Amino acid sequence: MRTIAPLLTVWAALLALLGLTVGASLVLTGTPSLIASLAIAGLKAALVVWVFMQLRREGGLMRVMALGAVFWLLILLGYLVLDYATR
Amino acid sequence: MSEATAEVSYLEHGHSLKSWLLTTDHKRIAILYFLSITLFFFVGGAAAALIRIDLLTPEADLMSNEGYNRAFTLHGVIMVWFFLIPSIPNTFGNFLVPLMIGARDLAFPRLNLLSWYIYMVGGLFTIAVLVLGGVDTGWTFYTPLSSMFANGNVILAATAIFVVGFSSILTGLNFIVTVHRLRCPGMTWGRLPLFVWSIYATSLILVLATPVLSITLVLIAAERLFGIGVFNPALGGDPLLYQHLFWFYSHPAVYIMILPALGVISELVATAARKPVFGYRFVAGSSIAIAILGFLVWGHHMFVAGQSMYASAVFSFLSLAVAVPSGIKVYNWTATLYKGHIALDPPFLFAMSFIGLFVVGGMTGLILAMLAVDVHVHDTYFVVAHFHYIMVGGTVSAYFGALHYWWPKMMGRMLPLVWGRLSAIFIFLGFNLTFFPQFILGYLGMPRRYHVYPAEFQTLHVLSSAGASVLGLAYLLPFTYLLYSLRHGGKAPPNPWGATGLEWTVPSPPPQHNFHELPTVDGPPYQYPVEVDGEREAAHG
Ligand SMILES: [Cu+2]
Numbered sequence: 001m002r003t004i005a006p007l008l009t010v011w012a013a014l015l016a017l018l019g020l021t022v023g024a025s026l027v028l029t030g031t032p033s034l035i036a037s038l039a040i041a042g043l044k045a046a047l048v049v050w051v052f053m054q055l056r057r058e059g060g061l062m063r064v065m066a067l068g069a070v071f072w073l074l075i076l077l078g079y080l081v082l083d084y085a086t087r
Numbered sequence: 001m002s003e004a005t006a007e008v009s010y011l012e013h014g015h016s017l018k019s020w021l022l023t024t025d026h027k028r029i030a031i032l033y034f035l036s037i038t039l040f041f042f043v044g045g046a047a048a049a050l051i052r053i054d055l056l057t058p059e060a061d062l063m064s065n066e067g068y069n070r071a072f073t074l075h076g077v078i079m080v081w082f083f084l085i086p087s088i089p090n091t092f093g094n095f096l097v098p099l100m101i102g103a104r105d106l107a108f109p110r111l112n113l114l115s116w117y118i119y120m121v122g123g124l125f126t127i128a129v130l131v132l133g134g135v136d137t138g139w140t141f142y143t144p145l146s147s148m149f150a151n152g153n154v155i156l157a158a159t160a161i162f163v164v165g166f167s168s169i170l171t172g173l174n175f176i177v178t179v180h181r182l183r184c185p186g187m188t189w190g191r192l193p194l195f196v197w198s199i200y201a202t203s204l205i206l207v208l209a210t211p212v213l214s215i216t217l218v219l220i221a222a223e224r225l226f227g228i229g230v231f232n233p234a235l236g237g238d239p240l241l242y243q244h245l246f247w248f249y250s251h252p253a254v255y256i257m258i259l260p261a262l263g264v265i266s267e268l269v270a271t272a273a274r275k276p277v278f279g280y281r282f283v284a285g286s287s288i289a290i291a292i293l294g295f296l297v298w299g300h301h302m303f304v305a306g307q308s309m310y311a312s313a314v315f316s317f318l319s320l321a322v323a324v325p326s327g328i329k330v331y332n333w334t335a336t337l338y339k340g341h342i343a344l345d346p347p348f349l350f351a352m353s354f355i356g357l358f359v360v361g362g363m364t365g366l367i368l369a370m371l372a373v374d375v376h377v378h379d380t381y382f383v384v385a386h387f388h389y390i391m392v393g394g395t396v397s398a399y400f401g402a403l404h405y406w407w408p409k410m411m412g413r414m415l416p417l418v419w420g421r422l423s424a425i426f427i428f429l430g431f432n433l434t435f436f437p438q439f440i441l442g443y444l445g446m447p448r449r450y451h452v453y454p455a456e457f458q459t460l461h462v463l464s465s466a467g468a469s470v471l472g473l474a475y476l477l478p479f480t481y482l483l484y485s486l487r488h489g490g491k492a493p494p495n496p497w498g499a500t501g502l503e504w505t506v507p508s509p510p511p512q513h514n515f516h517e518l519p520t521v522d523g524p525p526y527q528y529p530v531e532v533d534g535e536r537e538a539a540h541g
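Residue numbers (UniProt numbering), protein chains in the order written: chain G, 1 to 87; chain C, 1 to 541.
Here chain G stands alone, though its shape is the one from the complex (with noise of 0.2 Å):
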C-alpha cells in the first residue's frame, strides 16, 4: 500500500492540474492563457518524471541524464523561436 499511495495522490493531483488547465481557457485569453496552461502543463510533467518515473529514487547521475532530455528540448524550442521571433 505504501507504494500505491503516492502513486494515487500524484494521479489525483494530475487529475486536479487538468481540470485547472480547462477552468483557466475559460477564464483567461490571449497570454496569460497561454502562460497558464503552459505552466501548469510544466508542473504535470515535473510530477510524471519525479514520481512515475522514479526520478525521485535516483542517484544524481540519473537526474542529470534527464536534465540533459530537458535541455535538448530547449534546444529545439529555442532555435524554433529564434526563427519565429525574428521572422
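What the hints contain is simulated information worked out from the structure, not anything from laboratory work.
None of the values given here were measured: they were computed from a predicted structure.
Hints may be right or wrong, so weigh each one.
Said to hold, decoys possible - Part of the chain C face toward chain G, derived, beta carbon under 7 Å:
1) His244
2) Phe295
3) Ala311
To be verified - Chain G side only, calculated, beta carbon under 7 Å to chain C, not exhaustive:
4) Trp72
5) Ile75
6) Leu76
7) Leu80
8) Leu82
9) Asp83
10) Thr86
11) Arg87
Think of the CB as a built atom: it goes at the ideal place given N, C-alpha and C, for glycine as much as any other residue.
For chain G, the structure is supplied; the task is to place chain C with the ligand on it using the hints.
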C-alpha cells in the same frame, strides 16, 4: 558448459528456421538484418534504375509525372529508413559491439530480436505502399502537400516510418546500455575500439532524434485525417513548423548514416596501415562532437523556405563548424597511413574510396552551407550529388568495406581478394560517373525531382545514367562472389587480416556465446604490429 559445446559456432548451433527466427543471439540477429536490408537495398535500387532510365531523354517517356514522383519517393523512403539508417549499426554493430567490448551479448537480447520484428513490420507496411500504388510526396513529406493535397498512400507510408522508428530507438537504447554496462574487465572508455565509439555516438542520436520524427508523422496524420490545424495555415497552423520538426530529426539522421561509416573506416585504416590510430582520443571525441553538433544545424535545409535571416546566419555558422570534427577524422586517418606498411586488400580499397568521396561530399556540403551560394543551388542536382556522395559514396562504400573486412569473421570463409579489389574499383568508378555530372547539372540549374528537362542537359544525364548502370552491376558483383565463398572459400583463421581487437581473438565464425572465458584487456587499443605467425599469408595463399 563443456569445452566441446562452447566451441560450436553460432552458425552451427541449430539449423531450423525456428532457431533463427526466435534467436536472441546478437550474431544471428545481425544476419537477419543483413538479409532484410539487402532485400530493401535492391528494391530501392530498382526504383533508382527506373529514375535513371527515365532521365536518359529530356522528354517524359518511361513514366508519367505521377509515376516519376512515386519512383523517387519510394527510392528515398526505402534507402533512408530501410537501408541506410539500419545498415551498419544493425548488422555490423549488432554483430561486433559485444565481440569488441568482450561481452557475450547485447544488454537486452530479446529487445534486440523485437527490434528486428518491428523493422520487418515497418518493412511490410512499405511493401504495402509499393503494392497499393506508392506515395508521391518525396521522402521529406513536406506539408501542406502531404497533409492536404497528396493523393497517394501518405498515411500508410508515414505509418511504415513511424513503426520502423521504434526499431531504431530500441536498437540505440540497447547499444547505449551495452557499452555502459557490459564492457569486459580492463575495457575502459579510453580503450574502446573506434567503431564502438561511433556506434555509441550514433545510438545517442537514434534515441534523442527519432521520437521527434515519430511525433511529427503523428501530427501529419492528425491534420490529414481529422483536420486538426498544425501545419496548414488555413487551419491556423504553420508549414514551416513541419520543416523545423522534420529536419530536427532528419539532419541528425544524416549522422546516423555517416557516423557508423566513420567508425568502420577507422578500423579499416588502422588494420591496413598496421599502425596505432593517430590521435585516438580526437577520433573518438570527434564522433561525439559530430553527434552533438548535428542537432544544431537543421535550419540549413530552410535557407530559402522563409526562415528568419538571423536564424539562417546562426545555422550557417554551425553547419560550417561540423567541418572541424570531420576534418579531424580525415587528417588523422591520413596520419595513420603515413609510413604504414599498407596492404592493398579489398577493405583498404573501399576505405580509400570512402575517404576520397567523403571529402568531396563534405566540401560540397560547406558550399551548400553558405547562405548566398545556397540560394543558387538549393533544390538542384547539386544537392542531390552532395548527399549521394556522403550517403552512397560514403556510407555504402564503408558498408561494403565492412562486409569484406568482417565477412571471414562472420561466415568463417575467406573471400576471393582479386574480385574484392575489382569490385571496390568498379564501385568507385561507377559512383563518380553517376554523381559527378550531377554537380555540374545542378550548378547549371537542373532542379531535383523533375523528369522533363532542357535538351542541353541531356549529355550529362546520359553520362550519369551510364554510370548508374556500371554502379548497379558493381553492387551486384560482391553478392555473387560472397555467396560463392560460402561454399568454396577457404576456411578463415581467427585473425586473417592481422588486426587488433577482441573480435579477432575468437574463432571464425565465433562460438555461440562469443567468449569461452571473458577476456581481460590490459593495454590501449590498436597495438600494432600484430604477430600472427604467418597466418595472413597462409590464409590468402
Ligand atoms: Cu542537413
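Results of checking the hints against the structure:
no. : hint   : verdict
1   : His244 : holds, 5 Å
2   : Phe295 : holds, 6 Å
3   : Ala311 : holds, 4 Å
4   : Trp72  : holds, 5 Å
5   : Ile75  : holds, 6 Å
6   : Leu76  : holds, 5 Å
7   : Leu80  : holds, 5 Å
8   : Leu82  : holds, 5 Å
9   : Asp83  : holds, 4 Å
10  : Thr86  : holds, 4 Å
11  : Arg87  : holds, 4 Å
Comparing the model with each earlier hint shows no violations; every hint is respected.
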